[in-house]
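Protein chains in written order, with the working numbering: chain A, 1 to 238; chain E, 1 to 221.
Mixed in with the good hints there might be a few duds.
DSS-like mimics (lysine-lysine), calculated; alpha carbons at most 30 Å apart, straight line [to be verified]:
hint : chain 1 : residue 1 : chain 2 : residue 2
1    : E       : 39        : A       : 10
2    : A       : 147       : A       : 164
3    : E       : 112       : A       : 50
4    : A       : 96        : A       : 6
5    : E       : 39        : A       : 76
6    : A       : 50        : E       : 172
7    : A       : 174       : A       : 6
8    : A       : 174       : A       : 164
9    : A       : 147       : A       : 10
10   : A       : 147       : A       : 174
11   : A       : 171       : A       : 105
12   : E       : 112       : A       : 96
13   : E       : 112       : A       : 76
Quick caveat, the hints were computed from the structure, so don't treat them as lab data.
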Amino acid sequence: MGLEIKLTQKLPNYELDVVLRCEPGRLLALVGPSGAGKTTIVRAVAGLAKPDQGFIALGPEVWYDSKASIWLPPQKRGLGYVFQEFTLFPHLTVEKNVAFAAVDKRRVGELLAMFGIGELAARRPQEISGGERQRVALAQALAREPKVLLLDEPFSALDIATRKQLQAELKELKASLNLPIIHVTHDLQEAMLLADDIVAIEAGRLSHSWLDRFLVHAHPAGAAGGRGVSSDKRTFLP
Amino acid sequence: MDFSPLILSLRLSMVSTVILLVLAAPLTYVLAYGRFRGKILVEALVGLPLVLPPTVLGFYLLLVLGPDGMIGGIWQAISGQPLLFTFIGIVIASMFHSLPYAVQPLRAAFEKIDPRLLETAAVLGCSPMAAFFRVVLPNARGGLVAAAVLAFAHTMGEFGVILMVGGSIPGKTRVASIAIYEYVEALRYHEAWQLSLALVVISYVVLLLVSYLNRGGRYGA
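Just chain A, same shape as in the assembly (with noise of 0.2 Å):
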């Protein structure tokens, strides 16, 4: 069941206007300088802000047709969104956060050794490190068997060390996950790193240009080749 999204959203200073499409067990990532309306996008299909005009679909599940007055508020999408930071629950322990809204809730024990976090149980989210607290996030977001993953800058507030540990450990978990997933992210080579499709927004357009001109500084081989960033990553237009 592919994600399918198209919207348009007037913003201060230019159109949102974006088509774009991410099948299960790929990762799309979407990158591009900040305010670019990478942020708006996905908070429109995690159901927390509504374009003005367009279409998010899940295979038959339609989440949104401003044309048919669709709209479903964000508790009946069943997706799982990890924001860049400060989302875990202060009031709730490390388990209590993965139980949350667990499906299973035997899993969540599973999830807590999984992501590396079993001993910070029953800790607060205040009392752990940042990357502990993402990982934590991502647990949570997963104990609720979502239907599509949403990831906004999930590791751009952590220190270089710890950011790439958490890339090599989402790049192996995605592995295991059947479901669309939308990665948002300013650094490119974490988007390389992980993603199966990258698409460039700037000022609410898919961008090749954006791409290109990063590509020439940061791999000149891969940007003469066109769209292409590398053998295995392709630029994505529906």
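Given chain A, put chain E in place with the hints provided.
Relative to chain A, chain E alone:
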């Protein structure tokens, strides 16, 4: 000395504070996060008891709680009893009078909660009502305590509204503040003294208790 006015004041404050919190918390949630037409009108209405003289509020409550009033009429139809000059009548009147004292600290505590927590709750499948119980209330414990104390203390010291709606019926509506006034009027200074001192001590102990509890609370306002 006759302690019944004091006991009545304590009972009135406790009962009206508990019921008031149960009603004020959801109302404040709607005011803090809801988006609807006429919100500022409701907000101003909720704050009105702060600025109105108690006699004005008491006068209108007298009409509303009376046998021909909206609340009093319904109550009489259901229970066959009047509301005016009864304990239940002054409980309802006190709740109206103390409403802004409960809403303000609750609102401050609710607004201090990171909106992203509510977004996370929604994404994780919580309806707004589930989020209220599972996220907002547990993270606003300090605000709940502050609201309870302010409402309690305010009701303990209430005079005008209770006099208008409840009169001064011993054991039913003759609360400590009214009893003190009557003692003074009758030049019974000794009794006025005792009752006043008791009120001061109780209020002081309540405030101490709150500071103590607040020191223990780690979250919220």
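Now for the hints, and whether the structure bears them out:
Proposed proximity of residue 39 of chain E and residue 10 of chain A is supported: the alpha carbons are some 27 Å apart, at most 30 Å. As the CA atoms of residue 147 of chain A and residue 164 of chain A are separated by approximately 26 Å, the hinted pair is consistent with the 30 Å bound. Distance hint between residue 112 of chain E and residue 50 of chain A is fulfilled; the C-alpha atoms sit about 24 Å from each other, no more than 30 Å. For the proposed pair residue 96 of chain A and residue 6 of chain A, the alpha carbon gap of about 36 Å is over 30 Å, so the pair is violated.
Using a Cα cut-off of 30 Å, the hinted pair residue 39 of chain E and residue 76 of chain A holds, with the two alpha carbons roughly 27 Å apart. Annotation: proposed proximity of residue 50 of chain A to residue 172 of chain E is violated, straight-line Cα distance about 55 Å (limit 30 Å). Our distance criterion of 30 Å between C-alpha atoms is met by residue 174 of chain A and residue 6 of chain A, whose separation comes to about 25 Å. Restraint check: the Cα-Cα separation between residue 174 of chain A and residue 164 of chain A comes to about 15 Å, which is no more than 30 Å; the hinted pair holds.
With a C-alpha separation of about 28 Å, the suggested pairing of residue 147 of chain A with residue 10 of chain A holds against the 30 Å cut-off. Using a Cα cut-off of 30 Å, the hinted pair residue 147 of chain A and residue 174 of chain A holds, with the two alpha carbons roughly 14 Å apart. Taken as a hint, the residue 171 of chain A and residue 105 of chain A pair is honoured in the structure, with Cα atoms around 25 Å apart against an allowance of 30 Å. Restraint check for residue 112 of chain E and residue 96 of chain A: the C-alpha separation of about 22 Å stays at or below 30 Å, so the hint holds.
Between residue 112 of chain E and residue 76 of chain A, the direct Cα distance comes to roughly 26 Å. Compliance with the 30 Å bound is thereby established for this hinted pair.
Checked against the numbered hints above, the structure violates hints 4, 6; every other hint is satisfied.
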